[in-house]
Amino acid sequence: MSGVIVAEHLVRRLTGEVPVTLIDDVSLSIGRGEFVCVMGPSGSGKSSLLYLLGLLDVPSSGRVLLDGEDTSRYQEDELANRRLSKLGFVFQFHFLLAEFTVLDNVLLPMRRLGALDEGAARARGQELLERFGVADQAVKRPSQLSGGQRQRVAIARALANDPLVVLADEPTGNLDSAAALNVRQILRALASELGKTVIAVTHDSGFATAADRRIGLVDGRLHDAA
Amino acid sequence: MRIELDVALTHLTSRRRQTLVSLTGVVLGVAFFLAVSSLMRGSEKDFIKRLIDNSPHITVSDEYRAPEVQPAELRWPGGAVQVSRVKPQTETRGIRGYREKLAFVESLPGVRAAPVLMGSAVLTFAGKIQAVTLSGVVPAKMKHVTTIEEKMTEGSLDALAANPNGIIIGRTLADRFNLRLGSTVSVVSPAGGSRAMKVVGIFRTGNASYDEEQTFTLLKRAQALLDRPNRANRFVIQLEDAYQARDLALRIESTLGYKAVSWVEASEDILSVLLVRNIIMYSVVSAILVVASFGIYNTISTIVMEKTRDIAILKSMGFHARDVRRIFLLEGLIVGLIGSVLGLGLGLVLMRVLAEITVKPPGVTELVHLPVWWGPEQYALATAFALSSCLLAAYLPARKAGRLHPVDILRGAT
Chain V
727 MSGVIVAEHL VRRLTGEVPV TLIDDVSLSI GRGEFVCVMG PSGSGKSSLL YLLGLLDVPS
787 SGRVLLDGED TSRYQEDELA NRRLSKLGFV FQFHFLLAEF TVLDNVLLPM RRLGALDEGA
847 ARARGQELLE RFGVADQAVK RPSQLSGGQR QRVAIARALA NDPLVVLADE PTGNLDSAAA
907 LNVRQILRAL ASELGKTVIA VTHDSGFATA ADRRIGLVDG RLHDAA
Chain U
10 MRIELDVALT HLTSRRRQTL VSLTGVVLGV AFFLAVSSLM RGSEKDFIKR LIDNSPHITV
70 SDEYRAPEVQ PAELRWPGGA VQVSRVKPQT ETRGIRGYRE KLAFVESLPG VRAAPVLMGS
130 AVLTFAGKIQ AVTLSGVVPA KMKHVTTIEE KMTEGSLDAL AANPNGIIIG RTLADRFNLR
190 LGSTVSVVSP AGGSRAMKVV GIFRTGNASY DEEQTFTLLK RAQALLDRPN RANRFVIQLE
250 DAYQARDLAL RIESTLGYKA VSWVEASEDI LSVLLVRNII MYSVVSAILV VASFGIYNTI
310 STIVMEKTRD IAILKSMGFH ARDVRRIFLL EGLIVGLIGS VLGLGLGLVL MRVLAEITVK
370 PPGVTELVHL PVWWGPEQYA LATAFALSSC LLAAYLPARK AGRLHPVDIL RGAT
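For the record, the sequence lines run as chains V and U.
Just so we're aligned, residue 727 is where the first sequence starts under our numbering, counting upward by one.
Just so we're aligned, residue 10 is where the second sequence starts under our numbering, counting upward by one.
Simulated from the structure, these hints should not be mistaken for laboratory data.
Quick caveat: nothing in here was measured; it's all calculated off a predicted structure.
C-beta: ideal position from N, C-alpha, C; glycine also.
Don't take every hint at face value.
Reference excerpt, derived from the structure (chain U facing chain V, CB under 7 Å, subset only) [stated by the list, open to error]:
hint: 1; residue: T19
hint: 2; residue: I322
hint: 3; residue: V362
hint: 4; residue: E365
hint: 5; residue: I366
Cβ pair distances, simulated, as ranges [said to hold, decoys possible]:
hint: 6; chain 1: U; residue 1: V350; chain 2: V; residue 2: V784; range: 52 to 60 Å
hint: 7; chain 1: V; residue 1: A824; chain 2: U; residue 2: R331; range: 44 to 52 Å
hint: 8; chain 1: V; residue 1: V784; chain 2: U; residue 2: E315; range: 53 to 61 Å
hint: 9; chain 1: U; residue 1: M314; chain 2: V; residue 2: V944; range: 31 to 39 Å
hint: 10; chain 1: V; residue 1: A824; chain 2: U; residue 2: D55; range: 39 to 47 Å
Make a model of the complete structure from these sequences and hints.
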């Protein structure tokens, strides 16, 4: 398989008194600039697959190749470094830091990576906010923004370090239809205009229509997309 | 580091009341630590100063630290034959050739020494009898090695130098016997010598038994009375640096052969009591800071609990576990640093206030200030202890934060 992100026979089991298999032998490859939606009913393992592909979780067996690198031999710190430089996350509940301004939230990954000096980072942060129409909210706290605005800020933050892949977990699950449409268009544009690989977990079939490919997941196994 | 500092400061400033309570604990802890330790150190220094001022820094006596080795032991070392009932040779007690030995001691840098012949005598006056310690001294030398001249309430050491039959007695004895300057008393020694002596000085040290039993006369007169011509049995030594006493005593003892006891050795029991007192004191004041550190632990633990989602976000962004740990350790450090700086300031004020307080201890006629002493090591100790407590208090929640697994939190949140 070739692609920006490749999963090979991924298995994720939770051990305990009653072992649970979240992901069961999933293999897939997602290419550069592709917009993929992972769909399935609740409890099918969509988010678990996203966490594995996003290097937030470690598979029980199998491996994930990111940009050609086998991540299975990486320790926690190296996985964190890959998340910082090559991946960006958007979650259902925006997850912005409440005490920081909108701009500071976007600057966080850039400051942690340290590739840009403070001035250049601020300029890029401002540019990202402008791109998503929230530049005028830069000095506000997230609590002063609407749900749609917060999610656009979260997308701006995910793009801060110019990642290869943006992973979105139910990005429109908490938005009204207008805001959801706006977020969908933004994610679509990330793939088609900026060449980012976008992997979104959703059970909104309307949202999934914007994707290049839909992957179905049932009981942790790949299934034909709905 | 800057980003971690930003997050740490944001956490603390967003919880102003909790942070203020933690900070107040550290400020009070550091301030009381300083105030109490300065009082204890002050009283300790005051006590040691009195000890050093009022007693010889080194006393050389006509004794040996180890018993003299008998000739049979020298001849047959480790021999199986034990010679019993060995009786040491009877000899006149005292430091042999004391003038040469005194000259050696006086030749040492920063040393002043005076010979003393100390013995027992009986003082009688108007039918009253009192056993006393008779010390034969050289007034000109004695002035420079003791504070007795300062304690004279009547007469002087110079008067003793001028009168070969003069005697200086303590205030308690003078009062008991109703003696005044110029009174004549009879002094009898166990060697059989007897002399009528004129009171030429009266001293008062405040130590009742010393003021009752100690008397001074000229060395020559004491030698005659005690039948020990050309002998002294003590060298009273005073040093420019009293803290060199232990080393110098060893040197003198190894050179002269006679036992040389420094004030440190002579006061070992008292100094060990001071050590125990210091341990108790530091334990008590440290307890204040330990209690304060619980406040910090509480604050940071609460922040960690409230901020689990933020921790998950930071980790999903690419923050390492150590970055997250550092954020919460920095929070402890910030509270510790600010608390220490403010605590040092408040402590300084407290110490100045304490230093102004006057008390009148029993037996003292004048008001005295509380003995307060502070030095850089106290500031360093208070700051180091406060920072360690704060870091330790922050470490436990910081470690917990660093171990949080983002997926567990994200699953719980969605």
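Evaluation of the provided hints:
| no. | hint | in the structure |
| --- | --- | --- |
| 1 | T19 | holds (4 Å) |
| 2 | I322 | holds (5 Å) |
| 3 | V362 | violated (40 Å) |
| 4 | E365 | violated (46 Å) |
| 5 | I366 | violated (47 Å) |
| 6 | V350/U to V784/V: 52 to 60 Å | violated (45 Å) |
| 7 | A824/V to R331/U: 44 to 52 Å | violated (24 Å) |
| 8 | V784/V to E315/U: 53 to 61 Å | violated (27 Å) |
| 9 | M314/U to V944/V: 31 to 39 Å | holds (36 Å) |
| 10 | A824/V to D55/U: 39 to 47 Å | violated (57 Å) |
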